[in-house]
Amino acid sequence: MRRKNLLSDLDWFSIALYVILFTLGWFSIYAAEYDGVRSGVFDISSNHGKQIIWIFVSLGIGMTILIIDSKFYTTFSYLIYAAVMLLLFSVLLFGTEIKGNKSWLVLGPISLQPAEFAKFAVSLAIAKYLSTLNANLRSWNSQIVSFIIILIPTGLILLQGDFGSAIVFGTFLLVLFREGLSPLYLIAVVIIVALSVLALIFEFYYLIGAVFLIGLIASYLLRKNRQAVAVLVIFTIFSSVYVYGVDFVFDNLLQERHRDRINVMIGKSGNDWNVNQSKIAIGSGGLEGKGFLNGTQTKFDFVPELSTDFIFCTVGEEHGFIGSFVVLSLLFGLLFRIVHVAERQRSKFSRIYGYGVASILFFHISINIGMTIGLAPVIGIPLPFFSYGGSSILSFTILLFILLKLDSDRLSVLR
Amino acid sequence: MDFFKSRMLVIQAIFLLTLMIFLGKLFHLQIIEKSYKELASQNVVRRIQLHADRGIIYDRNGKLLVTNDAVYDLYVIPRQVSKQLDTLKFCELLNLDVDFFEKQLMKCFQYSRYRPSLFLKQITTEDFARFQEYLHRFPGFYSELRTIRRYPYKSAMHVLGYVGEVDQNMIANSKYYKSGDFIGINGLEKIYEEELRGTRGSKFIMVDVHNRDKGPFKNGALDTFAISGKDLRISIDITLQMYGELLMQNKKGSIVAIEPATGEILALVSSPTFDPNLLSGRMRGENFKKLSEDTLKPLYNRPIMGFYPPGSTFKPLMALIGLQEKTLSPGSTYSCRPGYHAAGLTIGCRPHPTVMNLSESLQQSCNAYYCHVFRNILDQSKYKNTQESFAVWTEYVNSFGLGQKMGIDIPNEMGGLVPNPDYYNRLYKNQSWKSLTIISLGIGQGELGTTPLQMANMTTAIANQGFYYTPHLVKNIEDLQSEKLEKYRTPHYTKVEQSKFPPVVEGMFQTVEKGTARASRIPGLEACGKTGTAQNPQGEDNSLYISFAPMNNPKIAIAVVVENAGGGSKFAAPIASLMIEKYLNDTISTQRLALEKRMLETDLIHIADEKKELAVRP
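Listed in order, the protein sequences are those of chains A and B. Following my numbering, the numbering of the first sequence begins with 1 at its first residue and continues without gaps. Following my numbering, the numbering of the second sequence begins with 1 at its first residue and continues without gaps.
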């Protein structure tokens with residue numbers, strides 16, 4: 001067995017991307033708050049000042065994670081999971097409500113969102129479970145256990161009223177897919193999402209007609225294969241019922257603000273000030289952008305929640321297409337790097353955990369940037385390493401650094 | 001290719017596809033599409049709020065009680081203000097101090113350079129018309145049209161209420177309200193806020209560097225219209241209301257008049273009152289402070305918040321309970337020597353013939369008679385003890401709407417007090433109280449407390465001979481079928497049957513014809529009434545009167561309270577009779593003009609202290 005050497009075994013490429021991203025993020029937050037009057041870099045009352053503290057806290061915790069023996073994470077996966085679930089549950093009882101979500105634990109001067117920590121807890125638990133010898137995602141048993149591990153935090157977070165953080169866990173389907181779950185699940189999700197959107201855009205009867213027509217044509221083409229026809233018939237009937245259900249839920253059960261939000265996303269109503277302002281800000285950046293601190297649209301009233309959810313607007317406006325390209329490349333570069341790191345693991349645990357990290361980051365990046373350019377619904381989830389927010393940067397750091405630690409031990413430990 | 005390898009590639013393909021879509025969309029937004037760039041760099045998109053017109057309020061005859069006046073709010077975006085701004089011209093146009101201008105602009109600048117600040121609010125249309133011609137010279141400034149309330153009749157303040165700007169607390173607790181919005185704070189404006197306020201809209205316009213309107217942004221695709229609030233038609237007869245306010249001037253007290261067939265309130269006077277226009281417009285804050293410091297409490301809504309023992313106006317109800325319980329018959333007589341004497345207790349009475357029946361007892365308002373009536377109800381052998389009989393008595397009184405909030409559609413209503421057995425069990429230890437202990441209830445004194453609204457409603461129940469509708473102010477809300485109005489459409493029945501009412505109504509009729517209220521008889525009109533003189537620990541007795549007319553098929557039921565004015569026949573009865581005459585006959589008959597003059601001229605407030613002016617200005 002080879003001797004461990006933490007420094008030389010660390011994946012410095014990922015760490016470099018991580019450092020560049022939070023640095024660029026910090027400058028964006030600074031620019032977002034800039035109001036013509038220069039404020040001190042360490043001004044604690046400002047978001048950028050607080051973010052510096054959070055960055056240092058995150059670096060400290062990241063280093064601690066690297067020092068702890070990697071066996072800790074594998075051994076205590078379930079315990080960590082159970083502890084975080086308990087925390088999520090206690091938020092429901094003792095949590096504080098901020099902006100309509102009862103998802104915060106306030107401990108003195110610090111307020112934390114336990115939902116953020118559920119991300120790495122679930123990644124660890126799923127990795128632990130799927131790396132056991134008898135787990136096989138082609139068996140119902142393993143599928144059910146995996147789904148339960150994912151659905152417990154999802155349910156608890158939904159109960160807190162934090163829809164955005166809850167649906168993040170849907171991204172674990174990618175992990176399960178990588179580990180052998182039937183692709184039908186992914187296809188089903190795509191079809192359900194597509195049917196939902198279509199159900200809201202088109203009249204009920206047109207859509208049902210179209211579904212039946214497609215079913216009929218496909219059945220005719222596949223008429224020799226009885227089994228396929230049977231599946232098609234069931235699928236067609238299911239789709240009709242589902243489409244009806246979507247219409248019913250949308251018209252009768254959803255609150256108006258959710259209806260508005262969905263209408264905006266599917267383009268039925270162009271009536272969304274936020275997304276429109278966000279698009280103006282990004283669009284006005286042009287090729288090169290207006291320059292650091294020279295943005296005009298990304299100031300206060302034009303774009304809301306600028307330093308948190310809409311931080312990408314600052315990049316788009318002040319640094320243009322080039323800046324956006326660079327930031328997107330860095331973010332997706334990190335994603336591909338994590339997949340690469342995951343794939344080179346000899347242990348199943350580390351690989352699965354790595355895919356957990358990748359899919360969570362992917363979900364955050366695609367929804368967050370998607371919403372600023374009008375491609376995704378406005379769901380308030382942060383852009384990893386970029387958005388202002390202590391819980392956010394802390395949780396992404398923990399997520400990433402556990403992987404880096406597991407990776408640094410890949411040659412010396414066999415799990 | 002091995003199985004897992006291919007899955008890794010699928011996942012990477014999903015990532016790559018997303019990246020490509022994003023880059024494509026960004027390329028389109030930032031490089032191909034030119035309009036965004038133009039929008040941001042040359043033009044400024046400005047979001048103008050379209051304030052919804054608040055609903056109008058009409059009286060029962062369609063007269064306009066509350067309407068809207070257009071005013072302009074001036075906003076500024078400090079970053080866009082030109083350095084060469086002609087301050088002198090600006091101030092001259094708007095009648096401002098240069099000093100004020102500089103300070104205000106500084107304040108806005110400190111708040112934010114980019115965000116619009118309210119620079120000057122509620123500029124009148126005339127002032128603004130002059131300013132608007134020069135607006136292009138003042139880049140960074142823009143206006144929003146909005147409305148403030150105006151009250152053409154300067155009356156019915158306690159009914160209509162007022163609006164004011166929302167405070168930080170309201171903004172934090174609501175999804176709709178924004179800083180500077182108006183909200184109903186009292187009266188109908190508060191209770192019907194949702195219906196009256198309408199829905200705010202907004203439009204987006206483009207403005208060039210010279211502050212010129214370059215037309216709608218995206219051809220108005222993002223604009224939303226403001227939806228005006230619903231209009232209210234209320235039950236008040238403004239002519240009657242104003243006449244009531246006039247009669248009550250320089251007196252403290254209330255008038256409540258109700259249409260018995262519907263429960264609609266015809267007049268609700270709280271005196272002293274003031275011009276509701278004082279609480280609209282720029283002087284609102286200042287005026288409000290003065291009004292709230294006034295020792296006569298003009299803001300206090302006496303008809304629904306006042307707490308008065310009903311005194312002798314309670315006697316008809318007492319008689320009705322006796323009749324229903326069969327402890328009293330129209331022919332029952334009791335002696336008065338004068339007053340009621342039992343076990344060392346004496347309740348005095350006014351001089352009148354010694355032995356009387358029910359009708360005469362009402363006409364003369366005999367205390368002794370009602371002490372007997374009350375004790376006979378409570379000391380019946382069919383009830384186990386006083387606890388039980390008194391509980392029954394309480395139920396009767398409650399069934400006439402006393403002792404609880406009625407549910408009128410303006411805020412801050414009080415419920416008055418009708419004691420129940422528990423109340424006295426707490427007051428007197430060991431259930432030691434007997435009918436004699438609480439005998440003053442029988443003549444409407446003791447712990448009893450009613451609001452003038454409750455007195456008027458009790459009168460309505462007598463006029464209707466056994467039922468009433470919850471008194472209310474709104475007849476309808478434009479085209480809206482509001483649930484709020486549902487509860488005003490169901491009758492409430494008293495625990496006294498209809499057949500028991502005629503002798504009491506007859507007694508009240510005779511009270512006006514030849515009893516204590518004979519001085520307030522209206523020629524040619526069959527009115528029923530009952531005077532009351534309630535002891536008042538704070539000073540002179542309160543003058544009370546309840547009445548309804550005509551006796552058959554009543555059109556109006558009324559209760560009048562004049563504080564510290566002495567006997568019920570002195571002020572309350574004349575004022576009520578004038579109100580009834582005005583409402584039913586439209587004019588005051590010649591022989592009663594002297595009475596009217598006396599009522600109008602009597603000043604009960606400024607006798608003691610020197611005349612003092614209400615130091616407020618519109």
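Source of the hints: derived by calculation from the structure; they are not laboratory data. Keep in mind that a hint or two might mislead.
[What the hints assert, rightly or not] In the EDC-like style, the derived pairs of lysine to aspartate or glutamate whose C-alpha atoms are separated by at most 16 angstroms in a straight line are:
hint, chain 1, residue 1, chain 2, residue 2
1, B, Lys34, A, Glu343
2, B, Lys5, A, Glu343
3, B, Lys290, B, Asp275
4, B, Lys121, B, Asp213
5, B, Lys484, B, Asp181
6, B, Lys37, A, Glu288
7, B, Lys230, B, Glu478
Structure-based check of each hint:
1. B:Lys34 <-> A:Glu343: 43 angstroms, violated
2. B:Lys5 <-> A:Glu343: OK: Lys5 (chain B) and Glu343 (chain A) at ~9 angstroms, within 16 angstroms.
3. B:Lys290 <-> B:Asp275: With a Cα-Cα distance of about 13 angstroms, the restraint between Lys290 (chain B) and Asp275 (chain B) holds, given a limit of 16 angstroms.
4. B:Lys121 <-> B:Asp213: At roughly 21 angstroms apart (the allowed maximum being 16 angstroms), Asp213 (chain B) and Lys121 (chain B) break the hint.
5. B:Lys484 <-> B:Asp181: Distance of about 24 angstroms is beyond 16 angstroms: violated.
6. B:Lys37 <-> A:Glu288: 12 angstroms, holds
7. B:Lys230 <-> B:Glu478: 6 angstroms, holds
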